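Following the hints, complete the assembly by docking chain B onto the known chain A.
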Amino acid sequence: MSKRITIDPITRIEGHLRVDVEVDGGKVTKAWSSGQMWRGVELILLGRDPRDAWAITQRICGVCTTVHAITSVRAVENALNLEIPVNAQFIRNMIISAHAIHDHIVHFYHLSALDWVDVVSALKADPIKTAALAESLSDWPLNGKAVMTQTLDKLKSFVGSGQLGPFTNGYWGHPAMKLSPEVNLLAVTHYLQALEAQRHANKIVTILGSKSPHIQNVAVGGVSNPIATDSQSVLSVERLLALKPHMDALGEFIRKVYLVDIAAIGAFYAEWTKYGAGVTNYLSAPDFPMDSKGTQFLTPGGYIPNGDIGKYKPITAFGDAYLRDGVEEGVKHAWYNYSKPGPLHPYKGETTPNYTDFQDDGKYSWLKAPTFYGERAQVGPLANVLCGVAAGHQPTITYATQVLDTASSLLGSKIPLAALHSTIGRHAARAVRCGVMQDVLQQNWQALIDNIGKGDIATFNKPTFPKGEIMGFGFHEAPRGLLSHWTVIRDGKIANYQCVVPSTWNAGPRDDNDKIGPYEASLLDNPIADAEQPLEVLRTIHSFDPCLACAVHVVEDNKEVVQVKAL
Amino acid sequence: MRVVILGVGNILLTDEGVGVYAVTELAARYDLPGEVEIIDGGTSGMDCLDQVSGADHLLIADAMRSGRVPGTITRLAGDQIPAFFKTKISPHQVGISDMLATLNFHGLMPKNIVLIGVEPKSFATAMELSPDIAARLPEVVATLVAELTALGIPPRPKAA
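Residue numbers (our numbering), protein chains in the order written: chain A, 230 to 796; chain B, 88 to 247.
In isolation and in its complexed conformation, chain A is listed as follows:
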C-alpha cells in the first residue's frame, strides 16, 4: 500500500517549498513540488523607472540578493543595447564570483552537509585516526591531530551542555547515515573552518559592493564605484590589493578542503550516484563577460539534451537569440490564469493569480513551469559543469577530474563523469564550479588592475531611454543556475517585468503537457528507509540548493514551527 508524505516547509527562508511524495515498496513512486508563496514582485515594478529595478529585485530573495541586482541591470542594458565599460564588467564579475563562492560554501557546509554527516557519531571518533585520514587526502594545514582533538572537545562540551545548536534536529543515527565516526569528525572540523572561509568571500562582496547583504554599487550602465589611484573614499588600487589575501585564502580552502571533502563524501555515499538524476536536459548560461558588449565569456554555457554532451549547443552572447526564443512558462498546474491557452514567452508573461487549493492533478503551485523549446530543463552548477566539459573549458575539466579521481581512489573503482547525473553528483558539481569561481575571481582582479594600470578608469556609461517601446533580457549563471529577467520598457517606464529564476526551472510543477519538473523527477525511485523520517527526500531536494525567490520570515511567538502561508 502506498503512503503519502507531505513535507511543508522543506526550507524556511526560501520558505515555501512544499514537497509531497507517494512511497510504495520503500521507494518514491510519485512526487509533487509546490511553491507555497505568491511572488508578485513583478507587479510592483510596473510603471517604475527601469534604473530602479535592480534595487527592488534584489529584495525578492534573502539568499540571492546580488544576483537579481546584476541580472536586472543586464536586462535593461540589453533593452537599450548599452555597452558598459570593461572595468564595470570586472567589478561586477568579482562581486558575483565572490558571492557564488560564499553561496556554495555555505550551502554545502552549513545547509546540506548535515544530510550526510552524523554529528553525534563524531563523538566516537579517534582524533589521531581522523588526522591521519585527513592528512592522507590533503596538505591543508588545519588537518592535524591537535585540531581534530579540539573539535572533539568542543563537540563533547556542546553536547554535554544539552545544546546542539545548529544540529538540534539532525537525523542522528538514521539508517541512511553511512560515514565512519572519523569521517564525521573530519566533516564537523571543516564545518567549523568553513565559517571562517565564507567570511573572506563576504568581505570581498562588502568591499566592492559597499554594503552587505544588499549591494549598493550597481547601476544601469556600469557600476557606481569611481576608481582612483590616490583617494581613500573610492575604489583605490590599495583597496584592490587588500582583496588579494582574501582571494588566496578562499582558493586554498576550496582546493584543499571543499573539493577533497566532496570527493570523500561522494566515495562513501557512492550508492547515491544512482539516485536523483531526474530531468537530464541541462540549461546553463555563459557568464563573466570580459568585453563591454558581453560576447567574450570566461565560463561557457548552453543546452545539453538527454544528458548527451555530444549534443551540446552553446549560448554565445548577451541577447542570444537561441536562449531568447526558447523560453516559455506554462500555468496549467500553477495558481495563475493566462488570458489565452498555452504557455507564454516571458515578454508576454502574465501574473494573474488563481488560487485553487492543492490539487494533485490540477493546480498545486505558485511556481510556473518553464520550458526550453517545449522541454523541461535542469539548471544549476551541474548543468554549468556539464556544459563546461562539453565546451572543453579547461578549468572545469581540471577540477572535475580532481574530484572524480580522488573519489575513485577512495572507493577503489573508477567513477565516471556520468555519475554526476545524480543527487550526490549535484553536490560534486557545485564544488567543481566553486573551484572555477575562485579562478574567475582572481582573473577579474588581475584584469581590473591591469586595465587601471593602462590609465582606463571608466566605470559608467550613462543610459538614455527612448520614446516608444523597447524590450530586453538579462541572464546570469547564478549559484542555483540560470537566472533571467525580461523587461518591456515603454516611454522610459517598465511596462512588463518577469523573473525566470533558477528554482522555477527546477522546482516548477508539471507543465502544460503534464510532464514533471526536475525536483519531481529526481525524487522518483529514491529509497525511503523510514517514512516518518524521509531524510532521502531532503537529500535529493537539498542537492539542488533549494530557493524560492519569495522569502518571508515573520517570527511567531511561542511556536516551534515557524511557518508562514500565503492566503
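Hints are computed from structural coordinates only; laboratory data are not their basis.
Treat the hints loosely; a few may be bogus.
Stated by the list, open to error - Straight-line alpha carbon distances no greater than 27 Å define the calculated DSS-like cross-link-like pairs of lysine-lysine that follow:
no., chain 1, residue 1, chain 2, residue 2
1, A, Lys-473, A, Lys-440
2, B, Lys-198, A, Lys-383
3, A, Lys-522, A, Lys-577
4, B, Lys-198, A, Lys-440
Claimed, not checked - Per label pair, the in silico range of CB-to-CB distance:
no., chain 1, residue 1, chain 2, residue 2, range
5, A, Val-466, B, Pro-157, 44 to 54 Å
6, A, Glu-500, B, Arg-116, 57 to 67 Å
7, B, Arg-243, A, Glu-761, 49 to 59 Å
8, A, Glu-500, B, Gly-121, 50 to 60 Å
9, B, Asp-137, A, Ala-375, 21 to 31 Å
10, B, Ala-229, A, Glu-579, 39 to 49 Å
11, B, Arg-155, A, Pro-695, 43 to 53 Å
12, B, Ala-164, A, Lys-383, 18 to 28 Å
13, A, Trp-401, B, Ser-153, 27 to 37 Å
14, B, Asp-219, A, Asn-535, 50 to 60 Å
This structure is a prediction, so every number in the text was calculated from the model and none was measured.
For glycine and all other residues, C-beta sits at the position ideal for the given N, C-alpha and C.
Structure of chain B alone, referenced to chain A:
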C-alpha cells in the same frame, strides 16, 4: 562595547518589512553613537553573520505574528527569543534563528539579544507599510531608542 541593530523583513510585502523600515527611520532621525551599527538585513540570514558575530548587544527589529492587535509591540529577550527553535523536518533553515544558532556553536553569540516584534496587519505586495502600522512606526523607533538609552548610549535626535 559593540551594539548591532538588525532590521529584518521583506520590504516588498508591506508590513513584513516593518523591521527594516524601523531601523531605516532610526538612522534617519537620530545621530547614533560610534559603537552602534545598523544593518538592513532584508530577508538574509547567514549574510549578516559576520556583522553580528561577537557583538555585545544585538537588537533585532522584525514583524512578529502572535495573534495580537496589529501594531502591538512585543519585547522578547534572551531565552524568549525563538532562536533555537526549528521545525523538526529540516535542520537547514537559514533565517535569523539559524544564524544565531551557528554563532552560538562557534562561541560568537552576542552577549545580550533583544527582539522588538511588531504585529503586522498586511502582507500585500507593496513597497510601503499599511497605514495602521505606519502610524505605529514612531513608537517602534522610540522603543529602539529606549533600548539604547537603557544601555547607557542614548542616541541624539538629529537637528531638524
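Now the hints, each set against the structure:
Among the hinted pairs, Lys-473/A with Lys-440/A is consistent with the structure: their alpha-carbon atoms are about 19 Å apart, no more than 27 Å. The suggested pairing of Lys-198/B with Lys-383/A holds, with an alpha-carbon distance near 19 Å, which does not exceed 27 Å. Among the hinted pairs, Lys-522/A with Lys-577/A is consistent with the structure: their alpha-carbon atoms are about 26 Å apart, no more than 27 Å. With a CA separation close to 25 Å, the supplied pair Lys-198/B and Lys-440/A stays within the 27 Å bound.
Checked against the hint of 44 to 54 Å, the pair Val-466/A and Pro-157/B passes, with Cβ atoms roughly 53 Å apart. Here the CB-CB span from Glu-500/A to Arg-116/B is close to 60 Å, well matched to the stated 57 to 67 Å. The supplied range of 49 to 59 Å is met by Arg-243/B and Glu-761/A, whose beta-carbon atoms lie about 57 Å from each other. Evaluation of the 50 to 60 Å hint for Glu-500/A and Gly-121/B yields a pass: the beta carbon distance comes to about 56 Å.
Restraint check, Asp-137/B to Ala-375/A: a C-beta distance of roughly 26 Å satisfies the suggested window 21 to 31 Å. Between Ala-229/B and Glu-579/A the beta carbons are some 44 Å apart, a value that agrees with the proposed interval 39 to 49 Å. In this structure the hint that Arg-155/B and Pro-695/A lie 43 to 53 Å apart at CB holds, the actual value being about 52 Å. In this structure the hint that Ala-164/B and Lys-383/A lie 18 to 28 Å apart at CB holds, the actual value being about 27 Å.
About 32 Å separates the C-beta atoms of Trp-401/A and Ser-153/B, a value consistent with the hinted range of 27 to 37 Å. The supplied range of 50 to 60 Å is met by Asp-219/B and Asn-535/A, whose beta-carbon atoms lie about 55 Å from each other.
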